[in-house]
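Peer 1: What follows is the residue order along each chain.
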Amino acid sequence: MPYESVDIRARLGYMPEHDCLPTAITASEFLTHMVQVSGIPPSQARTRAADILRHVGLEEERYRPIGQYSTGMKQRVKLAQSLAHDPVIVLLDEPTAGLDPSGREDMLRLIRRTGHEFGISIILSSHLMGDVESTCDRIIVLEGGHVTEQGAVSQFTQETETVLIDVDGNREELITALAARGVTAVSDGVSLAVELDSEEQYDAIRDALVETNARLRRMSPRRHQLTDIFRNEGP
Amino acid sequence: MTQRTGELFDLGYQHYDGPREGRMRARKAVFFDGFRTTLGLGRGAGAKVLPMLLFGAAMAPAIIIALIVSLTNDLIDLPGHPEYYQVVSIVLLIFTAIIAPELLCADRRNGVISLYLVRPLSITDYVAARWLAFFAITLLLVYSGQIVLLAGLILSASDPVDYIRDNW
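Top to bottom, those sequences are chains A and B. By the numbering used here, the letter at position 82 of the first sequence is numbered 86, and the numbering carries on one by one without gaps. By the numbering used here, the letter at position 35 of the second sequence is numbered 53, and the numbering carries on one by one without gaps.
Calculated directly from the structure, the hints in this document are not laboratory data. Check each hint, because a few of them may be wrong.
Said to hold, decoys possible - In silico SDA-like links for lysine to any residue, alpha-carbon gap of 25 Å or less:
#1 Lys78(A) x Arg127(B)
#2 Lys66(B) x Pro46(A)
#3 Lys66(B) x Leu157(B)
#4 Lys78(A) x Ala63(B)
#5 Lys78(A) x Ala65(B)
#6 Lys46(B) x Leu16(A)
#7 Lys78(A) x Ser132(B)
#8 Lys46(B) x Asp55(A)
#9 Lys66(B) x Ser32(A)
#10 Lys78(A) x Asp97(A)
#11 Lys46(B) x Pro45(A)
#12 Lys78(A) x Gly62(B)
#13 Lys66(B) x Leu25(A)
#14 Lys78(A) x Cys123(B)
#15 Lys78(A) x His33(B)
#16 Lys66(B) x Val145(B)
#17 Lys66(B) x Thr30(A)
Said to hold, decoys possible - Far from chain A by the CB rule (all over 12 Å, computed), these chain B residues:
#18 Leu110
#19 Leu111
#20 Leu150
#21 Ala154
#22 Ile165
#23 Ile182
Built from N, CA and C at the ideal position, the CB exists for glycine as well.
Looking at chain B on its own, in the form it has when it is part of the complex (with noise of 0.2 Å):
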């Protein structure tokens, strides 16, 4: 005979009484989902492709110019910060081509945008915090290529301390 180890219990629909914090959390959690969507996060694996490349396409120029300073040795004149940007910026633009309409055309198409209107948040708020969440990801795309390229060419620099000097 198998021992009876636990019971089920149908606890049916509970009550909230915790915290409710109203209109400031419904516009982060839009900005965080504004976040999460770009980047593919929570969603299947195709989700993530688009963006990861992008993100890889931004990145490499600045890793290609950081690696050729190093292995030259500073010998040619090479391109730096305002070059990175030429390159980039065509990335850039891609990128928020796709993303943006994807942050606001997406909720309407789907429908979604009928059930953030009936929660406290105004349309002010929703533009705004998918603005922001639309800023926030362009500015970490933008700045991360450049850190990566001044990380390189600091530790590439024959005197680091020199460069970080003379570049400030």
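Next up, chain A with everything else stripped away, as it sits in the complex (with noise of 0.2 Å):
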């Protein structure tokens, strides 16, 4: 095995959490260096270094030097240089880190893009479980080096029996006209959430709704979310 680690590198993208771009040269000039460290002869590996960093939407700002480059930009050259030599495998660490919301959606779009249409496989690590639910297919949970959790992620967001109702105003009497209709609801921020034992208990909540006339804003059941794993409530 460490004898043929030399080519299983060949074949491996890391994107690190750290900084790791150099800041005097030019995006282009960086990534046609890597991608020949990575083993491509250099008549190939400028076409593939421009390719990529179009692909991870950098145009003309790839001939200006990295140390001029905003947070969002270094994070797309550096998932740049994990992807250009065309990985069989991608390590992804915290590829989020440090973006403003747009460029965190930018982001998991460009990594959802890369997994499903191009067939690389990524291994994307965060603790950012908004990040992992909306990008990833399966979930890894190791706690203390060891595998904890393991599964699809739809698994870890399934539906529960609770429904939870958000309204604008006559919160409080709505929640005695439930108890008046033996349905138990309990104040979960800023929603209400009401355990249900049957069917009919949703024409309890329709009724107690049009009696106390509180403006419906949301009703819906309750997911899993995986941030619960880190409760110890996952499934």
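Could you use the hints to bring the two separately framed chains together as a complex?
Peer 2: See below:
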């Protein structure tokens, strides 16, 4: 295995969490060099670098020194260097670190596209459960170096028997009206959470809403969230 | 109405099916990158100033000695190659003291080293390639001054062929 590690690394991509970019050279120059270090001849390296930089959304900026880039652009260069040599598997460590919400959404879209359309397997390491939920197919939870949970993401975000109700005003009256119909509603942040025992309770909720004239904003089944894993409430 | 002259295609991601040359290509890439970094090639004008200054400082004594020899027509016993080294060694010292750390430390400071180590390259390959780049640059600096001096001395000698024969 140690003797084969060089060959394995030729087909591996890695995007570290920490800063790993030189400041003095342009993204184009840096990518061309990195593609060559991955074993691709110089004649092909420049084309690969240009292609992948366009793919991650860096067009004209690629001729500016990396030192002048914003955090979002640096993250794109980091992602580009991990994909430029057409790896079989890519390891991404906190790829959305330091990005603003729209930059984060762009980055996740790019990662999803890379994984689903281009057939590159991606291992994403993240503490942001929202990122994992919207991007990944499967999840592995590690704790102290051991796998504690694993499975499809959908398995971790199944629907529960709890219904969440958001209303504008008349909240207390609604709780009383529900209680009068034998439905217990507990306050859960801004929402009211109702444990459902039977289908008929939907009717009770409807009647209570009509009676109290509370304006309904949302009514939806509660899903397990990935953050529940950390609260040891997972499935 | 404007005529459509071309169309844009979203080619998306292209897989690479070309040759992969592995470790040897990686070594070469690190070597040439070291060479280019030192000379400031592929970087802004600012990065080229220091290497050019030091290169100039190493060349100047060779040119001055050659000029003096040619102007004085060999009348006095003038400095030659050994004397050139005495003058230029301080420049070489400064040059090596600046470029050697820059070749290794910059990668660690920027964190680029972690990208090298996940590529088909061992740590020994990396250090060896960087060291060879350093060695090649130093050799170039040492010998280019000598060659300029030698050319100057040969051209200013009364009999260039004799000079070559005597000093071979």
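Peer 1: Would you mind marking each hint as holding or not holding in the structure?
Peer 2: Quick rundown of the hints versus the structure:
1. The hinted pair formed by Lys78(A) and Arg127(B) meets the criterion: a straight-line CA distance of about 16 Å does not exceed 25 Å.
2. Taking the CA atoms of Lys66(B) and Pro46(A), the gap is about 23 Å. The hint holds against a cut of 25 Å.
3. Our distance criterion of 25 Å between C-alpha atoms is met by Lys66(B) and Leu157(B), whose separation comes to about 19 Å.
4. For the given pair, Lys78(A) sits about 23 Å from Ala63(B) by alpha-carbon distance, which is consistent with the 25 Å threshold.
5. For the hint pairing Lys78(A) with Ala65(B), the CA-to-CA distance comes to about 22 Å; that is within 25 Å, so the pair holds.
6. Taking the CA atoms of Lys46(B) and Leu16(A), the gap is about 20 Å. The hint holds against a cut of 25 Å.
7. Distance check on the hinted pair: Lys78(A) and Ser132(B) sit about 16 Å apart at the alpha-carbon level, within 25 Å; holds.
8. Distance restraint check for Lys46(B) and Asp55(A): the Cα-Cα separation of roughly 23 Å lies within the 25 Å cut-off, and the hinted pair is therefore satisfied.
9. For a cut-off of 25 Å, the pair hint linking Lys66(B) to Ser32(A) stands: about 19 Å separates their Cα positions.
10. A hinted pair counts as satisfied when its Cα atoms are at most 25 Å apart, and Lys78(A) with Asp97(A) qualifies at roughly 14 Å.
11. This hinted pair checks out: Lys46(B) and Pro45(A) have alpha carbons roughly 10 Å apart, not beyond 25 Å.
12. Straight-line distance between C-alpha atoms of Lys78(A) and Gly62(B) comes to about 19 Å, which keeps the hinted pair within the 25 Å bound.
13. Proximity of Lys66(B) to Leu25(A) is assessed by CA-CA distance (about 20 Å); at most 25 Å being required, the pair is judged to hold.
14. Annotation: proposed proximity of Lys78(A) to Cys123(B) holds, straight-line Cα distance about 21 Å (limit 25 Å).
15. With a CA separation close to 23 Å, the supplied pair Lys78(A) and His33(B) stays within the 25 Å bound.
16. Pair hint Lys66(B) plus Val145(B) holds up; C-alpha atoms about 24 Å apart against a cutoff of 25 Å.
17. The suggested pairing of Lys66(B) with Thr30(A) holds, with an alpha-carbon distance near 15 Å, which does not exceed 25 Å.
18. For Leu110(B), the condition that its CB be more than 12 Å from all CB atoms of chain A holds, with the nearest at approximately 24 Å.
19. Distance check on Leu111(B): its Cβ is at least 25 Å (rounded) from any Cβ of chain A, clearing the 12 Å threshold; non-interface status holds.
20. Chain A leaves Leu150(B) outside its interface by the beta-carbon criterion, the shortest separation being 15 Å against a cut-off of 12 Å.
21. In this structure Ala154(B) is separated from chain A by more than 12 Å, as the shortest Cβ-Cβ distance comes to about 18 Å.
22. Separation of Ile165(B) from chain A is adequate, the least Cβ-Cβ distance of about 29 Å exceeding the 12 Å criterion.
23. No beta-carbon of chain A comes within 12 Å of the beta-carbon of Ile182(B); the shortest separation is about 40 Å.
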